[in-house]
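Student: Sequence:
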Amino acid sequence: MSPQIAGLLQLIALIAALALAYRPLGDYMAKVYSSEKHYTPEKWIYKVIGANPAAEMHWPAYLRGVLAFSAVSVLFLYLMQRVQGSLPGSLGFSSIDPDQAFNTAASFVANTNWQSYYGEQAMGHVVQTGGLAVQNFLSAAVGMAVAVALVRGFSRSRTGELGNFWADLVRGTVRILVPISVIGAIVLVACGAIQNFSGIHQVGQFMGGTQEWNGGAVASQEAIKELGTNGGGYFNANSAHPFENPTPLSNLFQVFLILLIPTALTRTFGRMVGSLKQGYALLATMAVIWTGFTALMLWTESAHRGGAFEIAGGAMEGKETRFGIAGSALFAVATTLTSTGAVNSFHSSYTGFGGGITMLGMQLGEIAPGGVGSGLYGMLIMAVIAVFIAGLMVGRTPEYLGKKIGTRQIKFAACYILITPALVLGFTAVAMALPTPGDSMTNSGAHGFSEILYAYTSGANNNGSAFAGLNADTQWFNSTIGIAMLLGRFLPMVFVLALAGSLAEQKPVPETAGTLRTDKPLYAGLLVGTILIITGLTYFPALALGPLAEGLAS
Numbered sequence: 001m002s003p004q005i006a007g008l009l010q011l012i013a014l015i016a017a018l019a020l021a022y023r024p025l026g027d028y029m030a031k032v033y034s035s036e037k038h039y040t041p042e043k044w045i046y047k048v049i050g051a052n053p054a055a056e057m058h059w060p061a062y063l064r065g066v067l068a069f070s071a072v073s074v075l076f077l078y079l080m081q082r083v084q085g086s087l088p089g090s091l092g093f094s095s096i097d098p099d100q101a102f103n104t105a106a107s108f109v110a111n112t113n114w115q116s117y118y119g120e121q122a123m124g125h126v127v128q129t130g131g132l133a134v135q136n137f138l139s140a141a142v143g144m145a146v147a148v149a150l151v152r153g154f155s156r157s158r159t160g161e162l163g164n165f166w167a168d169l170v171r172g173t174v175r176i177l178v179p180i181s182v183i184g185a186i187v188l189v190a191c192g193a194i195q196n197f198s199g200i201h202q203v204g205q206f207m208g209g210t211q212e213w214n215g216g217a218v219a220s221q222e223a224i225k226e227l228g229t230n231g232g233g234y235f236n237a238n239s240a241h242p243f244e245n246p247t248p249l250s251n252l253f254q255v256f257l258i259l260l261i262p263t264a265l266t267r268t269f270g271r272m273v274g275s276l277k278q279g280y281a282l283l284a285t286m287a288v289i290w291t292g293f294t295a296l297m298l299w300t301e302s303a304h305r306g307g308a309f310e311i312a313g314g315a316m317e318g319k320e321t322r323f324g325i326a327g328s329a330l331f332a333v334a335t336t337l338t339s340t341g342a343v344n345s346f347h348s349s350y351t352g353f354g355g356g357i358t359m360l361g362m363q364l365g366e367i368a369p370g371g372v373g374s375g376l377y378g379m380l381i382m383a384v385i386a387v388f389i390a391g392l393m394v395g396r397t398p399e400y401l402g403k404k405i406g407t408r409q410i411k412f413a414a415c416y417i418l419i420t421p422a423l424v425l426g427f428t429a430v431a432m433a434l435p436t437p438g439d440s441m442t443n444s445g446a447h448g449f450s451e452i453l454y455a456y457t458s459g460a461n462n463n464g465s466a467f468a469g470l471n472a473d474t475q476w477f478n479s480t481i482g483i484a485m486l487l488g489r490f491l492p493m494v495f496v497l498a499l500a501g502s503l504a505e506q507k508p509v510p511e512t513a514g515t516l517r518t519d520k521p522l523y524a525g526l527l528v529g530t531i532l533i534i535t536g537l538t539y540f541p542a543l544a545l546g547p548l549a550e551g552l553a554s
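Per this note's numbering, residue 1 is the first one in the sequence shown, and the count goes up by one each step.
Keep in mind the hints are simulated off the structure, nothing from the lab.
Glycine residues also receive a C-beta, built at the ideal position from the N, C-alpha and C atoms.
Careful: at least some of the hints might be erroneous.
[Stated by the list, open to error] Only pairs whose alpha carbons sit at most 25 angstroms apart, straight line, appear in this in silico BS3-like list of lysine-lysine:
#1 LYS31 <-> LYS47
#2 LYS520 <-> LYS277
#3 LYS31 <-> LYS43
#4 LYS47 <-> LYS277
#5 LYS507 <-> LYS411
#6 LYS507 <-> LYS404
#7 LYS507 <-> LYS520
#8 LYS47 <-> LYS37
#9 LYS277 <-> LYS31
#10 LYS277 <-> LYS404
#11 LYS520 <-> LYS404
[Claimed, not checked] Have a look at the derived ranges for each label pair, beta carbon to beta carbon:
#12 ARG322 <-> LEU418: 40 to 50 angstroms
#13 LEU418 <-> VAL178: 31 to 41 angstroms
#14 GLU511 <-> THR291: 25 to 35 angstroms
#15 ALA295 <-> ALA553: 15 to 25 angstroms
#16 THR436 <-> PRO98: 37 to 47 angstroms
#17 VAL182 <-> GLU212: 25 to 35 angstroms
#18 PRO510 <-> ARG82: 52 to 62 angstroms
#19 ALA414 <-> LEU552: 31 to 41 angstroms
#20 ALA68 <-> VAL178: 18 to 28 angstroms
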């Protein structure tokens, strides 16, 4: 079977699996977040944390819950790493240095999972399972809660109430993430991923010396790593490591987990606002962008240029032979168009244009279909911008889902889309201007610039993947990327919740003959164009200095 046919079959199987899960999962999540019933384990949690799940919150109170919970999570995970050397199950690893502990705590709480360390050589079982894996669940649940709060802003009227953060957090974790992760872990174990608490042991000779590996609860962490669009691997090689991702089947299943919840949330949105067609319009927009990026990546990495490429069947540098071009390209697009950041190949080794595609996927805002929760609210922000542009074209006050998009709403949306580019381009410019950060680059020229641009793009967009050529384990990068991750995660949430509150207070506007139909293909096309144009105008100069220059020179 040719690589092209194999890639096409994988793509068809993936789309079919997502289509089968779309309706039941989307409807189930809508019921979870609309239910007034609290299960007994959930009541125990509310009692322990002292929360009243029935109390409705306005957006400032909802935001305070998000920020307070996340701040405590950062502190808890930071302290756990700092005392690792005294914890049981540490495998003899010492405590983590302060700058790296801060970077890792910020990373996992912000759903970024950027890793500037070798997991199998730094983190013991307690920190991996009791710290990092726990935050994989909780950070994903926070993103879903914020997305649901924005959806309620569209669906409710004449009230500023957006639900209860603590109830949304607990339900998302207990009723959605945990059950699916249990099933996912069982499937991964069946595929060959390991699940144990083994210590360090020698596995054989390697280049004249011994090679040692430690075991771990890998399959369970791998399941939520992908399902929650987290991305932090148990091992440094991430999903390229055979303990995490042993076969082509497990590889395809991991891509399925990455796309599952972000895709199904569009149906949840349609169900909660009372119009499934609105959800289909967002899904179509995401699908067009994702399909286009996947096709471009397959083409750039499979095109034969010279004898070496022809013999290998494409650009095989940095890719696992058990996955090939198709499995690697599919994974790379899925992980960078969401906020996952997991890798089964090394993006630094991709062709110039291929590396640029992974970077551009993050710079779009990771909204096709995006991260768990963050993809939906990011797409809804772009939908508001698109409606506003359409209103300017016809000289009419824009409306979306019966809510007027006025000066206040468009300011919130504009602030949202400006935060991440300011962080990415600002930190990249400073790093390139200072003498010390440049020493961390493995390569010079356009590729070296791409290493730093990719790092801050990944951090500020809460992706977490790396270009595999930058030594980011320095005080400068640990600190600045940590700051970029926290600001890139929580500042946008401020404007998302403020927008949700302003929409919930409005009285619905009746639909008229002049109302723009936002559930039609014309609007979906406008939304795609808005996303690409805004991203292109923002990032094109920086991309021209990095991956575009490298691709044109090759």
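Student: Indicate, hint by hint, whether the structure satisfies it.
Tutor: Each hint tested on the structure:
no.	hint	result
1	LYS31 <-> LYS47	23 angstroms, holds
2	LYS520 <-> LYS277	8 angstroms, holds
3	LYS31 <-> LYS43	18 angstroms, holds
4	LYS47 <-> LYS277	39 angstroms, violated
5	LYS507 <-> LYS411	20 angstroms, holds
6	LYS507 <-> LYS404	9 angstroms, holds
7	LYS507 <-> LYS520	24 angstroms, holds
8	LYS47 <-> LYS37	15 angstroms, holds
9	LYS277 <-> LYS31	18 angstroms, holds
10	LYS277 <-> LYS404	20 angstroms, holds
11	LYS520 <-> LYS404	19 angstroms, holds
12	ARG322 <-> LEU418: 40 to 50 angstroms	42 angstroms, holds
13	LEU418 <-> VAL178: 31 to 41 angstroms	36 angstroms, holds
14	GLU511 <-> THR291: 25 to 35 angstroms	31 angstroms, holds
15	ALA295 <-> ALA553: 15 to 25 angstroms	24 angstroms, holds
16	THR436 <-> PRO98: 37 to 47 angstroms	19 angstroms, violated
17	VAL182 <-> GLU212: 25 to 35 angstroms	30 angstroms, holds
18	PRO510 <-> ARG82: 52 to 62 angstroms	58 angstroms, holds
19	ALA414 <-> LEU552: 31 to 41 angstroms	33 angstroms, holds
20	ALA68 <-> VAL178: 18 to 28 angstroms	23 angstroms, holds
Figure legend: structure checked against the earlier numbered hints; hints not met, in rising order: 4, 16.
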